[in-house]
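Single-letter residue listing:
Protein chains: 2
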Amino acid sequence: MLGEVRKAACVAIGDELLAGDYPDSNSGAIAQALAELGIEVERFVVVGDSKENLERTLYDLCARYQVVVCSGGIGPTLDDVTRDAAAAAAGVPLELDAKVLEWLRESYARRNRKMALSNERQAWFPSGAQVMPNAVGTAPGFRVWIDGGMLAVLPGPPHEMRDMLQRELLPWLRSTCGQGPALATQRFYLLGLPESNFSDRAGDWMARGANPLMGVTAHTGILKVTLRGRAESPEGAQALVAARAAEFRERFAAEIYSEDDPRVGVALVRLLASKGRKLALAESCTGGLAAELLTEAAGASQVFQAGWVTYSNEAKSACLGVDPALIVRHGAVSAEVAKAMAQGAAQRSGADVAVAITGVAGPDGGTPEKPVGLVWFGLSVGGELSAVEQRFPPVDRTSIRRYAAHVALDLVRRHVR
Amino acid sequence: MLGEVRKAACVAIGDELLAGDYPDSNSGAIAQALAELGIEVERFVVVGDSKENLERTLYDLCARYQVVVCSGGIGPTLDDVTRDAAAAAAGVPLELDAKVLEWLRESYARRNRKMALSNERQAWFPSGAQVMPNAVGTAPGFRVWIDGGMLAVLPGPPHEMRDMLQRELLPWLRSTCGQGPALATQRFYLLGLPESNFSDRAGDWMARGANPLMGVTAHTGILKVTLRGRAESPEGAQALVAARAAEFRERFAAEIYSEDDPRVGVALVRLLASKGRKLALAESCTGGLAAELLTEAAGASQVFQAGWVTYSNEAKSACLGVDPALIVRHGAVSAEVAKAMAQGAAQRSGADVAVAITGVAGPDGGTPEKPVGLVWFGLSVGGELSAVEQRFPPVDRTSIRRYAAHVALDLVRRHVR
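In order, the protein sequence lines correspond to chains D and S. The first sequence begins at 31 in our numbering and counts up one residue at a time. The second sequence begins at 31 in our numbering and counts up one residue at a time.
Chain D with its partners taken away, still in its complex shape (with noise of 0.2 Å):
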């Protein structure tokens, strides 16, 4: 029998993420980093900026978690009450700190910028709260013991959250706690597969009960696929999670884009460098996005020579020579223009492998014929050209999009590896 893995959970505080505004990015990092210690996080509670609420969920879970951690709700106005909610929580008051008071009139001056008042609420912490400093912002995080869970708070923006838990939160964890049963995880990355497909090729390996556990999640096009070993040992872990996955690489060769990093734009960078081939884009219905999904990379630049948008089919002449009669004839959407479209890019580039993208987004457009969903795209290798067509479910313009970009850049993978 194995050892109770510690549990712990996230909350994420703002009425903007109960809006719908935007999600909580937040609780999915935190949970990845903890699950490094050995934490397993559990659930994540999303709560708005009513300090009664806040506080009744944070004494909840505290209760029945050993770690507690949320971001959100220690900025300067008053819609942020995570620093009331966690002193009521805990049954203290609330104290002013004078050294933080005094770091925070000192960094604003340092940037010659006046502090504002509302900037003083900053300092104010639970009595006897243990102070974590920003090194990127002004609001400063702490910890605090509720009812023996210990609650560790953290600001909203994602990368004031990422930095104070990297350099505060989790080096405390780690000395503080002991180790619980070993974890291990390994990621792959899919495109050109569809969910259920997956699910009868995987079998077995899908079962509830598995050790290790596999799960899968698709998002335009792009298969997220999970393996979670758990054992005494961090090297019994590992060589479960090992064994596993090299029978997944065999059986999924074709399509595995990538093991750690889900962006297709990075892994395809990389890929490229390491062939030493170079990408030129021709963009119609992405817009710019498959460029965007390429230049997340870093290195971007030495693989990728040059990106046109041209969204209008006088653009499609103009910049990138596409024969107007080739449009009129067979439309903006076919494969001659998408052809066009990725030899125009591949010469005035010099790149030795381009990809077009011509198709209809939607909402508006569509045609039985050409309806929405319907993208060609046009490869250019080494001066030869081909066409492939993709008919997409007419979800949404944004979703459409994403699945082009995706599969464009997949095409070019394919064709590289």
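Calculated from the structure, these hints are not laboratory results. Careful, some of the hints might be misleading.
In this list, chains with the same sequence are indistinguishable; a pair is considered to hold if it fits within one copy or across any two.
Taking lysine-lysine pairs in the DSS-like style, the calculated list, with each CA pair at most 25 Å apart, reads [what the hints assert, rightly or not]:
1) K81 <-> K305
2) K254 <-> K144
3) K129 <-> K144
4) K308 <-> K400
Go by the hints and put chain S onto chain D.
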């Protein structure tokens, strides 16, 4: 006194969410839709694909909230446990729905595909549940009563979730539940103002007890401000919000770029179209992101003449005609090169406005004079050239690129409006 607003909770299900593979965006969309019916979502919960954990979560939330809406975990694979957990929480067995099974078989046959065996799982529901058909995918949803609360289960993929929400769940809620006290909401999206300056300028509009209640959040340069008014009647709530909104528009006239759509590019396309202006883009460090933001708008082709992604120095010269000597003398990240890029883009495309972006997105490539975060913007308006410098905090590559793309599009807005 106002009556009690009906309270709800959202649950998102999936190990991949807890693993931080991507954030839960469904709950935010569901909360926005429920708010329009006067149902206030007070809490989001994310749990993994563990039947026991989910069963307990659903049971607890249904005891506390009148409406619980969950998404995910009803796909064909073995890690889809929502059907089982909902049945267990309701204390009823699962039953095969023969009609749904037949529908599943037919929908596969129509697409000339063989139904994978695992898809049969999608035809089982808790006994007594009301099935909600899925018009855009294979997993039907359902509604079931658990201890007085109504649990609605929607699919996880966002486009399927949204379709079933709009087509099935909202009409049903509208016909079944009466209206609670009225809520009215107004949003503003601002660029070019730090959050703490905003807070000082907004003053007591942001007090916790204010009605309308004002919330603000900052994200890569964008401030999202939400006013939420509450009153006995819809007219009363709207009047409260309208009065504050009028004052707000006056105080932040220069910074507001949108009142409905947060997407900077969409707002700019609307503005350019209303003024009959045409835009060209020349991007280096943003690598296509500005073009991508602009073409999120379905009508972008009206105003977007052409875009170049000239990531390398050679591409800047070859594609945009930037004098190589200029790059040698001033460096690629400079006012001179930014202006030359904008000029090249305007001349080659015939657009009357062009904006160019060249900067150090990091993580490498920074120097003491040109640190990570330094970005130069070049602007060509009717042939007249100018340049603007911005120094973003050296957070991370993705945020710097996003900041820079937002600022570039905002520069155009401020010149054109």
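Tested hints:
1. For the identical chains of this complex, K81 and K305 are neighbours neither inside a copy (56 Å) nor across copies (46 Å), given an alpha-carbon limit of 25 Å.
2. For the homomeric pair K254 and K144, the shortest alpha-carbon distance between copies (24 Å) is at most 25 Å, but the shortest distance inside one copy (47 Å) is not.
3. For a Cα distance limit of 25 Å, the shortest separation of K129 from K144 inside one copy, 18 Å, qualifies, whereas the shortest one across copies, 68 Å, does not.
4. In this assembly of identical chains, K308 and K400 lie within 25 Å of each other by CA distance neither inside one copy nor across copies; the values are 32 Å within and 28 Å between.
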